[in-house]
Every structure is written in structure tokens, then in C-alpha cells.
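Colleague: Residues per chain, in single letters:
Number of protein chains: 2
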Amino acid sequence: MKAVVLFSGGLDSTVLTYHLLHENAELKLLSIDYGQRHQKELSASTQIAVSLGLPHTILKLPMLAELLGGSALTDTSISLPEGHYAEESMKATVVPNRNMILLSLAAGHAISLQFNTVAYAAHAGDHTIYPDCRPEFADALDRTLKLADWSEITLHRPFVKWSKEDLVRRGKELAVPFEKTWSCYAGGEFHCGKCGTCVERKEAFELVGLLDPTEYKE
Amino acid sequence: MKAVVLFSGGLDSTVLTYHLLHENAELKLLSIDYGQRHQKELSASTQIAVSLGLPHTILKLPMLAELLGGSALTDTSISLPEGHYAEESMKATVVPNRNMILLSLAAGHAISLQFNTVAYAAHAGDHTIYPDCRPEFADALDRTLKLADWSEITLHRPFVKWSKEDLVRRGKELAVPFEKTWSCYAGGEFHCGKCGTCVERKEAFELVGLLDPTEYKE
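Chain order of the listed sequences is A and B. One point on numbering: in my numbering, the residue at position 130 of the first sequence is 128, and numbering is uninterrupted. One point on numbering: in my numbering, the residue at position 45 of the second sequence is 43, and numbering is uninterrupted.
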């Protein structure tokens, strides 16, 4: 497999990268600066890519936040909800059509590199609020990618039915340096510990019974 | 219908815009600067949008050409093929996964505006060389867009089985100002008259028996 990995520098896509390296895939990491308030994930992505010696590109799309206005992730005038992912209020963190945009860019890059795969780390915990993390979305996009070029591109999404707990367990097996990954949406110096992704992250380490190496604000 | 139209300022998307206005659709025009050498189409898009009094955004994605390297449309070190679209050499003008990237951006914008439709002007003449103009690609993408958000987005592609001749005929009925549209890929001051899109444009006017108002270089 030669895959472009949609790589945010977060826990999920870092476990995915280690998981694919374990399967001897040839990888190119792609991160996208879409104006997210948590720019810190981009520094995390660089640090992890360098430590693995993998080729990595950060694509800057500064106008995207304006085009896709209305999400708390890109518009700092909208307050970031705190609490558990499953809550209705978390829908404020949806960036319209984000995954299709990012995956289609990754697919264009894969075609250009003559790679055959695009990989992303959507997992079951995302489905409640993010429509574009659902297995049926991933299946439909896979069928579309197979027709987007003269040669077939496959959308690899091995975690689409896994829980966050499963991801932490797999990361533990692969000795993923969790302390280098960045999840928090709030954009501070440390993980806030209160936003949806922080709550889910903490909970997953607890469920696995693994010491959480994350530095939380409080 | 409330539609974001993928609008290049070319003949096809201009006829599409007039066609949808005729059907009383509410429209937002979206043009994308992906580093194409024929930047003149972007000025054409502005001129036409202003003359119609329609809202219009040009999204600048300057890093895209680098990410999707290898097309004669974005890389001036690759020579632009001349001749008829149907020829194998024209494949040099394919920009990897261009349509999925542009349509997914348009869909994100549509969701953000609470519109229900994305429209694009792919037509049958494109299919020979552009995989992402095929009806089966458009059908698959339509199914994917319906799952990309909690509310359904439809991909409207009324011309997907029409010839360029059909488009010119429809444009004639709707009094489209063809002289304002820009097709040529070569990036000069006038249409070159020799690249695939110029050849197809000239041929379509001849087949319809309509005087071609385009200023060609020779």
C-alpha cells in the first residue's frame, strides 16, 4: 500500500500512522491548515513526522474558514462547547463538509504521487456529531474515489468501527508517543481538559487503564 | 432550488448559470483560483457575475498547484497540447481530482449558506479525457454529498449527457453573452484557437450555425 495519510497530529491519525507503518505501508503525511483555532495540532504534526522520518506537507488554505463560516472550530466569535461529544451542543464544532474537502485534496495528492490509497482515522466515537465520520459516508466516498481518476484510489478507514478506547489500546501496543499528540480544540498552551475531544481522550486512557501523559490546564 | 454554482467564467458554467436563473433558482457563484495558467477566466467570471448582479466569491488556493503537480494547466514547464479534446495527448490537461476538490468546497459553502444544491456544468464532450466529468462519477459524488451533512445536499448536473453543441444552442435561446466567457487554456490575451477547449468551442458554434463572437489570436 502507498498511502497519503490525512494527518492532524492528533491521537487518532497518529495511531493510524503507526498502524500503517506496522503493516509496511509507504506513507506520505498531509496536514491541512484550514484556519482551525487549535493551530497547535499543526506543530504536533510536524514534530511527529520528523521523529518518524516521514515526508510531510502542511497545506495552507487560509480562505477556507471564511468560506465555511459558522463552526466554533474556525470562528473564535462562536464559543467552544464543553462536555461530552455525544451532546447536541457539540454540533457547533462541525466544519461544513470538512472531511470530503480534506480527503479530496489528499486524493489529488495521491494521484499526483502515483499512490493508490488515502487513509483517514475516522472512528466510531465521532459518528454521533460528525456526519462525515459515518461508515456509510466513508463507503460512498470510497466508491466515488474509485471513479475520480483513470486508476482506482481506495479510501482506507480501518478504525471506522473502533472506539477511542480501541485506538488507545492499539497505540499502546505500537508504543505510540501519546504525549506528542494534540487533541484539544480550545487553542491554548495546554489541553483544556473540558472540550469534547479532551473529555473523550481522558476517558479512553482511563478505560484502557493507561496513565494519561497529557498535560491538562488544571 | 438554492444552489452554489461552480463557476469558472467559461462557456459551460455561464450557460448553466443562465439555465438555472431561467428556472428561478437562487444562486451563489463560486470560482476557484487553483493556480491555473488561464487566470483570465477569473476576470471573465467577475465580469459576468457583476453583469448578472449575483453574489460571487473567488476562493484563492495558491498552494494547490504544487500539491497536485503534473498537469499542463497548472505547471507552465509542461507544454499545453494542441488539437482535439478526444486525443490521448489532452490527458496532460487533467488536474488530479480537480472536480471532487472543487465540488466538495462548493458543498461546504452550500452547507454554510443553508443551500440545498451544488451545480456543475460537466458535459458529455469532457468524458473522453476527464474521469471526473463522467456521469458515473457524478452519480457517486451525489450519493456521497447526500451523506456529508445532516441535511441532504444534491449535486445538480443537468448537462452531463449534453454535447457542447447542445450547450451553445441552449445558450443562444437564453441570450448568453458568449463574448464575455473565457475558455482557452493557454493563458494569452486572446483565445489561442488551438488548444482542446478552443477547438471544441469553435466547432460547437459552427455546428449550431451561430456566429462565433470569440476573438482568436489568428
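Since the hints were made in silico from the structure, they are not lab data. Hints should not be assumed to be uniformly reliable.
If chains are identical, the list can't say which one is meant, so a pair holds when it fits in one copy or spans any two.
DSS-like cross-link-like pairs, simulated, lysine-lysine; straight-line CA separation at most 25 Å [what the hints assert, rightly or not]: (1) LYS38 to LYS215; (2) LYS200 to LYS0; (3) LYS159 to LYS215; (4) LYS178 to LYS144; (5) LYS200 to LYS178.
Colleague: Does each hint hold? Answer for all of them.
Modeller: Consistency of the hints with the structure:
no.	hint	in the structure
1	LYS38 to LYS215	within (15 Å within a copy, 51 Å between copies)
2	LYS200 to LYS0	neither (33 Å within a copy, 42 Å between copies)
3	LYS159 to LYS215	neither (31 Å within a copy, 58 Å between copies)
4	LYS178 to LYS144	neither (34 Å within a copy, 36 Å between copies)
5	LYS200 to LYS178	within (15 Å within a copy, 58 Å between copies)
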